[in-house]
Each structure stands twice: as structure tokens, then as C-alpha cells.
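Chemist: I would like the entire structure built from these sequences, with the hints used as guidance.
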Amino acid sequence: MRPNDGEFRGLVEQHQSMVFSIALRMLGDRGAAEEVAQDVFVELHRSLGRLESEEHVLFWLRRVAAHRSTDYLRRRNLRPEFMAEEWTEQHCRHVDGRSFDAIAVGTRLEEMVLSLPQGLRSAIVLRYQEEMTPDEIAKTLEQPVATVKSNLQRGLVLLRRKAGSVLKEFTRER
Amino acid sequence: MSDEFEQELKEGLGRVPAPEGFADRVMGRVARNERLRFRVMPQRVSYAWQMAIAAMVLLAVLFGVGETVHRREERRRAELVQRQFEVAMRVTGRTLNGVGERISRAGMKDERGEQ
Chain A
1 MRPNDGEFRG
11 LVEQHQSMVF
21 SIALRMLGDR
31 GAAEEVAQDV
41 FVELHRSLGR
51 LESEEHVLFW
61 LRRVAAHRST
71 DYLRRRNLRP
81 EFMAEEWTEQ
91 HCRHVDGRSF
101 DAIAVGTRLE
111 EMVLSLPQGL
121 RSAIVLRYQE
131 EMTPDEIAKT
141 LEQPVATVKS
151 NLQRGLVLLR
161 RKAGSVLKEF
171 TRER
Chain B
175 MSDEFEQELK
185 EGLGRVPAPE
195 GFADRVMGRV
205 ARNERLRFRV
215 MPQRVSYAWQ
225 MAIAAMVLLA
235 VLFGVGETVH
245 RREERRRAEL
255 VQRQFEVAMR
265 VTGRTLNGVG
275 ERISRAGMKD
285 ERGEQ
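Top line first, the protein sequences correspond to chains A and B.
In this text, residue positions in the first sequence follow the working numbering: the first is 1, and each later residue adds one.
In this text, residue positions in the second sequence follow the working numbering: the first is 175, and each later residue adds one.
You may find that some hints are simply not true.
[What the hints assert, rightly or not] Taking lysine to aspartate or glutamate pairs in the EDC-like style, the calculated list, with each CA pair at most 20 Å apart, reads:
id: 1; chain 1: A; residue 1: K139; chain 2: A; residue 2: E52
id: 2; chain 1: B; residue 1: K184; chain 2: A; residue 2: E136
id: 3; chain 1: B; residue 1: K184; chain 2: A; residue 2: E111
id: 4; chain 1: A; residue 1: K139; chain 2: A; residue 2: E55
id: 5; chain 1: A; residue 1: K149; chain 2: B; residue 2: D177
For the record, the hints were derived by calculation from the structure and aren't laboratory data.
From a predicted model like this one, the values you see are computed outputs, not experimental measurements.
Modeler: If you want it as C-alpha cells, here you go:
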């Protein structure tokens, strides 16, 4: 692909929400997520010559967004759960068009996802945010399908366990 | 099969909009030909390579174990042959002693006969 500036801008606008959301769910910090997402698109601009189609671009963006977010966590040795409180407050200000309850429940789900170990989190984010199949996730994360399926199962078990206590607490607060 | 909880996850983890002006900032960086802010970590070792490396390590370990077992077996055989040789030498020594004694006894009888 050899798009001009206008076409590249179109690609950025088309995929910015996806790339930013993957980074945000992996990192739990809007500032860091924007930095990583910008880097992903700058890298895309350099790599476009090697990408053959729109589908290839989508696959590449998901893979690079997941890998760069993981790299960021490894480099900074970040544990997103420590930032969950701050992130919740920021996030609530940015989400429009949803009722307070929906935002609160959604935010708690996101906090729970952020508290998962990184390997499980990336599989869960790609499965439920991007609605990808285990096969697609395996290709994206360059992992065996069995590993992805096991990570998804373990992630779900942990999330269900957390949801049991967190959502009870939420109902009491309301 | 997707249950109610998974459905809630899908709804709760929908995409969020990128920050205002995101595309402008990306285009600005592209126009300035800016470097990546974060160094790209070395390429992950692919699953195929991991398996190949694991297979090579396994083969090396198996070869090492096989070689050790083979050497131990050879040493055991050599010790057995050595013991058999020593026994054979003792038996031969004893036999030769017996033969020597018999010859000396026969020699003494002959001397007495001649006298």
C-alpha cells in the first residue's frame, strides 16, 4: 500500500479508536495509551509499503498495538492495578452517552480486566473488545491456539471470581 | 458458547473514542518524520523457533544421557573382563603350582628309585 497523506489520515481516523482502546485496556492510563497508539501509527506509516491490503493493515495494527503495549509495561515495569483508581476517574469524564450505572459497571469491569496478569489480559481484550476468535488472537499474539484458549479460560475464571465480589459491593454502594 | 457474563464483558469492553485531536498529532509526527518515542523491544522469538530450540536442547540432553549410559556400560564391562582375567590368572597360577609340585614329587621318587 502506498497511500498519500490524505489516505493515511483516513486510515488513522478509521482505526484510532481500536488502537487507542487496546493500549488503554492493556495499560490503564490514557496518557501512556495515547503515546503508544501514536507510536503504532508512526510505525504503520513506515511499514505501509509491506502491507498488502486493508485486512493486512487491521491485523498489523492489532498485533503491533498489543505488542507495543506489552513492551511499554515491561519497560516501565508497570502494574496497571496500581493506577486503576486514577484511571477510573479520568475515564468517567471521557465516556459519553452512557448512563451512570452503565459507566460504573463498565468501569469496574475494566478495572477487573486491568488487574489480570498481562498474558491473560491481552487475550481477554482482543477476545471481548475486538471480538476476535481464539485462532485470530493466536495469530495476532504469535502464540499457539492452545495457549490462547487456556489464557482465555483462566482469565474468565478470574474475572468471574472478581465480578462476584466487586458487583456485590457495587450493588451495596448503590 | 457465550454466556451472560461474556456478553457483559463484550458490552463493558467496547472501543472508546481516541482523545480529541489524536489524528492531527499523529499526522504532525509523521510530517516531522519523528522517531518512535519508545524503543521497539527485540522481536519476540516465534513459537516455531521456541519449539525448535526446545527440541535441540532435548536432543542434546538425550544424547548426553545416552553417552553417559554407554560409557558407564563400557566401564562396567571392562571391570568384569578385568575380574574374569584376574580369576583366570589365579586359577592358572594354582594349576601351575599343582603341576610344579607334582613334577617335583615325581623327581624325588625317581631319585629314590635310582638309589
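Chemist: Does each hint fit the structure? Answer for all of them.
Modeler: Do the hints match the structure? See the list:
Taking the CA atoms of K139 (chain A) and E52 (chain A), the gap is about 17 Å. The hint holds against a cut of 20 Å. Note on K184 (chain B) and E136 (chain A): the hinted pairing holds, with a Cα-Cα distance of about 17 Å set against a maximum of 20 Å. With a CA separation close to 14 Å, the supplied pair K184 (chain B) and E111 (chain A) stays within the 20 Å bound. Taking the CA atoms of K139 (chain A) and E55 (chain A), the gap is near 13 Å; set against the 20 Å cutoff, the hint holds.
Distance hint between K149 (chain A) and D177 (chain B) is fulfilled; the C-alpha atoms sit about 16 Å from each other, no more than 20 Å.
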